[in-house]
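Colleague: Residue numbers (the numbering used here), protein chains in the order written: chain A, 1 to 112; chain B, 1001 to 1111.
Rather than coming from a laboratory, the hints here were simulated on the basis of the structure.
Computed from a prediction, not measured in an experiment: that's the story for all the values here.
Please note that a few of the clues may not be correct.
[Stated by the list, open to error] Across the chosen pairs, the derived CB separations fall in these ranges:
| id | chain 1 | residue 1 | chain 2 | residue 2 | range |
| --- | --- | --- | --- | --- | --- |
| 1 | A | E5 | B | V1051 | 26 to 32 Å |
| 2 | B | G1097 | A | K67 | 15 to 21 Å |
| 3 | A | G54 | B | A1040 | 35 to 41 Å |
| 4 | B | W1007 | A | D78 | 34 to 40 Å |
| 5 | B | S1057 | A | S82 | 35 to 41 Å |
| 6 | A | D27 | B | G1052 | 22 to 28 Å |
| 7 | B | K1080 | A | D58 | 41 to 47 Å |
| 8 | A | K42 | B | Q1002 | 14 to 20 Å |
| 9 | A | D27 | B | N1063 | 26 to 32 Å |
| 10 | B | W1007 | A | E5 | 21 to 27 Å |
| 11 | B | S1001 | A | G9 | 31 to 37 Å |
| 12 | B | G1041 | A | G59 | 39 to 45 Å |
| 13 | B | A1040 | A | S69 | 31 to 37 Å |
Where is the CB? At the ideal position from N, CA and C, for every residue including glycine.
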Amino acid sequence: QKEVEQNSGPLSVPEGAIASLNCTYSDRGSQSFFWYRQYSGKSPELIMFIYSNGDKEDGRFTAQLNKASQYVSLLIRDSQPSDSATYLCAVPSGGSARQLTFGSGTQLTVLP
Amino acid sequence: SQTIHQWPATLVQPVGSPLSLECTVEGTSNPNLYWYRQAAGRGLQLLFYSVGIGQISSEVPQNLSASRPQDRQFILSSKKLLLSDSGFYLCAWSVLGHEQFFGPGTRLTVL
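Here chain B stands alone, though its shape is the one from the complex (with noise of 0.2 Å):
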């Protein structure tokens, strides 16, 4: 059966910092994998997708990116941190139909 895996779980970093987060999903290939930002009692925002290694599209501008160097594996990144990246990052996989299914999540907090 397929997992998903996010870490670290909660992370708290100071304004101006970098951040990487990793997202792997096991017991599938070629998935479609997407990274969502969820504010605090907000609905969920696609930041990233992923059709396959190395390509990325970008549904905002803003000063995160994202990187797929294995087929299996989605990071998101920032070089400088601004208060309002907080929040609830979420990584999903997808690979037949559009059912996406969420990892358990990092939980941003920048201070």
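One chain only, chain A, in its complex shape (with noise of 0.2 Å):
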């Protein structure tokens, strides 16, 4: 059973700094991973997703992977009150139907 770990927070972080939330997963050979962006009381919206080693970036967000460590960051730049909610990392769980593992999630709280 693949597992993906994530510190459930709360994170809180002022205006303007960087907010970094951390995944870790159990399965070596997982080759993709995404993270999803919930606010309170909508559905999962995919922000990032990530395949090779290193970073990618979009706009204020990056995603860092590190394959060696079993793990993979999203970081926030410039943290906007508009950025609180609760990010989830998912890994493929590798069935035929292309389903995903989720961590329970990070609630961030970006403070004005």
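Reconstruct the complex from the two isolated chains, following the hints.
Modeller: Set out below in structure tokens:
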């Protein structure tokens, strides 16, 4: 059973700071990693995915993958109050239907 | 572009009553479809997935069932609801890779 671990938080950062969210996974063979953002009462929204070691940047978001250490991070630069949400990490479960295993999520609060 | 619909948006049902939640996807063909449940303050639990019409796989044995009568329609059902069935039910789809896209969800409260 593949496992995905995230610090549940809550994580609080001041507006304008860098928020760092971490995720570790158990399957060394995992090839792709996904970050979802979920606002309170809403459904998850895909914001980033990464396949290769290193960094992938998209606007204020950077995903960092370290396969040797089996962790993936999401950095949010210049954090805004609108970034306050729960961030879910997901990895493929290995099934034929392209299932994902989700972490329990990290709750982020950006303080004005 | 693809869109996914779920209804109803909210539902309050008594214990022992039946359930039918519907999910439809527009703008794509042959999607993989998924039903998840998210209990309050918890992570996502995969309930069912489907790779085609009539093909349903269950991840967790329980009093729920799923059906896929059409390519882009996925239905979650129960004959008798339990208190523990309360939660946020999410339908999702994927086509080429592992990226999954979620519908708006149905919030179910069983009293």
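Colleague: Now look at each hint and say whether the structure bears it out.
Modeller: To see whether the hints hold, each was checked on the structure:
{"no.": "1", "hint": "E5(A) x V1051(B): 26 to 32 Å", "verdict": "holds, 29 Å"}
{"no.": "2", "hint": "G1097(B) x K67(A): 15 to 21 Å", "verdict": "holds, 18 Å"}
{"no.": "3", "hint": "G54(A) x A1040(B): 35 to 41 Å", "verdict": "holds, 37 Å"}
{"no.": "4", "hint": "W1007(B) x D78(A): 34 to 40 Å", "verdict": "holds, 38 Å"}
{"no.": "5", "hint": "S1057(B) x S82(A): 35 to 41 Å", "verdict": "holds, 37 Å"}
{"no.": "6", "hint": "D27(A) x G1052(B): 22 to 28 Å", "verdict": "holds, 27 Å"}
{"no.": "7", "hint": "K1080(B) x D58(A): 41 to 47 Å", "verdict": "holds, 46 Å"}
{"no.": "8", "hint": "K42(A) x Q1002(B): 14 to 20 Å", "verdict": "holds, 18 Å"}
{"no.": "9", "hint": "D27(A) x N1063(B): 26 to 32 Å", "verdict": "holds, 31 Å"}
{"no.": "10", "hint": "W1007(B) x E5(A): 21 to 27 Å", "verdict": "violated, 34 Å"}
{"no.": "11", "hint": "S1001(B) x G9(A): 31 to 37 Å", "verdict": "holds, 33 Å"}
{"no.": "12", "hint": "G1041(B) x G59(A): 39 to 45 Å", "verdict": "violated, 29 Å"}
{"no.": "13", "hint": "A1040(B) x S69(A): 31 to 37 Å", "verdict": "holds, 33 Å"}
The structure fails to meet hints 10, 12 from the earlier list, while all remaining hints are met.
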